[in-house]
Amino acid sequence: MMNKAGTDIQIAICGSAGDGTIASGDIMKRAAALMGYNVIAFDEYPPEIRGFGKCISRIRISSKQAYSLKEQSDVLISLNDSHAIPHAREVRDFGAVIYDDNLVSAVAEGGHMSAHINAAQVPYGFAIRQMSEQATNAARARNIVVLGYLAGLYDLPPEHFREIIKAKFAKKPQAVIDDNTKAFDAGLVAGQAVFKLDDVVVGAAGDEATGSKAVMMTGNGAVVRGFMEAEIQSYFGYPITPATSIMERLAVEMPPKGGNFLQTEDEISAIAAAIGAGYTGSRAATATSGPGLALMAEMLGLGVMAEVPVVVVVSQRGGPSTGLPTKTEQSDLNLAVFGGSGDAQRIVLAPTNVEGCYRCAGMAFDIAETYQTPVILLIDLYLSNRYETVVPSDEASFAPKPRIDVVADENAPYKRFAFTENHISPRALPGQAGLMHTITGLEHNELGRPNDAIHMDMSTKRHEKLNSAVHFPGLNVSKRFGDEGPVDVGILGWGSSFGEVLETMYEAQAEGIRCAAMKVVMLSPLPIEALKEFFADCREILVPELNYEGQFASLVSGALGKPVTRLNRATGSPMVVNEILEEVRRLSGQNQTPLSAAE
Amino acid sequence: MNERVKPVYLEEKLEEIRADGHQDFRSKSLPTWCPGCGYFSMAEGLTFALNRLGLDHKDVVVVSGIGCASRFPFFVSSYGFHTLHGRVLPVATGVKIGNDALTVVAVGGDGDAFAIGGGHIPHAARRNVDMTYLVFDNGIYGLTKGQASPTSALGFKTSSTPYENGDVPLNPLMMLLSYGASWVGQAYAGHQHQLADLITEAMAHKGFSFLRVLSPCVTFDKTDNTYGNLNMMVRTLPDDHDSSDKMAAMAQAMQADHPATGVYYQEQRPTLHQVMNATNDRAEGPGAAKTK
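Chains as they are written, first to last, in my numbering: chain A, 4 to 602; chain B, 529 to 820.
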């Protein structure tokens, strides 16, 4: 809400599948981005396409950088009371609840929103359906009427909404644009006319806002943008929630650039073909979720053994097995870092926000080609589907660098897996004269011929070559935030839940707790030096993550031989700032309980 | 009067073979197969075909799965990729997509192809990936020392079917014909010259060509697909077989007890690469999907 510090407002729009809930949220977030606000947004919807399941779109609009959604919304808009009623309690005190107070059909006692708004909340009931019907002769535009009402209530500039509505329906007949604009304007007039509380006014975007250069994208959209800027040449995919939209987007964007796009028969063939294409020097990638990654595990081992570059995006969802396909979780860390047979270390990058998705995806090919090995981009549903405003950097270039060709030596056979100082062997590509060789998943000698006796030396080569990856130019593999020097509590986070970690840290600092946070983006190999320094500075280490077992906590704790406190949450929904904050408060106290022996 | 037959001297014969050039396509690695294995004639046949087609070593990639047959890439002087069990076709598809200028030969045995890799065959066939798939079918798992495979005959005794195999064998030719492979043929390791010719024809075909090669496993199969039995069973396709007639091809393929060698079926249709190019052209043209 508007206060001296600037704007920070979260709007929740809730309805039934088919009400246009997500579409309404989409217009809201795009309009806000156009106004220059920082936007972070996340939609939840049922796995069924139809069937009246609950849809909810949450949009946080702020003039300062926001790192996560807020636990409490400032506004709830109900397009369907039976779905929205349970969410009335997530509206803060003096927050607004917008609902239809002129229902045409009879409602059971307690089935109406008005019965669930508490005394501290501000009810804004109006005739949504009636207004939609008057403006457009149909009830379908209710989701647009409420946006107009919201804009009127908060004095948001209506022209940005109209522009987004026009763009959204650009392919539809003009009448559709006109109807929706009429619906918006009707809502706007109604919203402007109602009584407002002092703090329900949104301030201007402000100096710290993103300005017009910002682009609104999801994590998956950012991955696609990174890939396209890196001039991806071959993509192989198989549909799986929540990674599908990466495939769908690349299916649109790659063909006009002459790229090779193929939907394969399963995840095994997707990564197999990507490795085949990677072997020829093509920039190749695939994207999947946990169950698909499980199928790909054997092929990842081949990529490690045969030293073939390939990029695999993994967007995690609730597991194991089919699990919770439309809910978020961070429980495929073990599979991403360790999955497969044998000692098969690979590079795993876990960006923490949408911009990180863009940067990691853009750099992934370069990293994979440099180290001649698979690179996994580990994200999750919450990051894949959430919207953030990103300001693209002008200087970043992800385009392939010129290849250094291997020169054939007539007097000596080409050693594809030659031992070198940095353990990286010059790689020839099929089609190059005089450099013929066979690569294999069998253990092999420098020539690539099957050989068991050399296993120790080759294992050393494959692992040691990755050591310098943590210093890869332009890649921030870890970053510390908060207080310098010794602190009471250090919060260690990774992936999508780091936003909540950062918000928690700032709140803890505000409470006077000496506190720091660190995000770890490279999960394999781990940035051990940075972690050691962080551990040395923190009296207590807290590791919040969205899984039951505490997979990242185990990884870090094992690598450093130091105990950590776990905060595990496996509910299918994002991390909650208050839960972390409570734990930080407890750990920062003088008389806290000893760490559990199991850690 | 009969002409006097000139005796053949080993040195002269070797010179003749060297001059032919196909030996250049053999690598310096000695095959690991058992003496008498049918796969030797396939190595000979493939090097012969590569030579006859005038291909440059650097432009050929031999991709294989896992098994006795899949050791193949090591014995050929070209680029090679020895991949995972059952995954030869998707990897080979990726290689071809990654660089269309390469000639891709996929190689595997019957277990690699029809058991663990069975799910990939229809898709490589229907997409008409421009490559040649050679399946060396000896009806047994050799590298793991003699277990039944999907093409083992009913009643065949192996280490995994000690009380006789009770599973009906697959008919690979019927599978490939119904999957839409654009070139389907069958050869026999005992008929080496015809085998070399058929590999050449399969490779000359533009599109997905599938050649099944019947081969004895001299070590683990002393009763079934032996040279003696196959010599009696194998016939050639009738002279009047029309290889553009899929129903006729299927009628021949159904006679699995008397397998016929030759080209069962062939058709010309766009390859995966051509289809992708057409897609890319459509995407660039008017009405193209929005890119922003």
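A portion of the hints provided could be inaccurate.
Stated by the list, open to error - Partial list, derived from the structure: chain A residues whose beta carbon lies under 10 Å from chain B:
id	residue
1	Q137
2	A141
3	A142
4	F239
5	P242
6	I243
7	N263
8	S285
9	A402
Simulated from the structure, these hints should not be mistaken for laboratory data.
As the structure is a prediction and not an experimental result, all values here were calculated from the model.
Idealized CB from N, CA, C, for every residue including glycine.
Here is what the structure says about each hint:
no. : hint : result
1   : Q137 : violated, 34 Å
2   : A141 : violated, 27 Å
3   : A142 : violated, 30 Å
4   : F239 : holds, 7 Å
5   : P242 : violated, 15 Å
6   : I243 : violated, 17 Å
7   : N263 : holds, 5 Å
8   : S285 : holds, 4 Å
9   : A402 : violated, 17 Å
Checked against the numbered hints given earlier, this structure breaks hints 1, 2, 3, 5, 6, 9; the rest are met.
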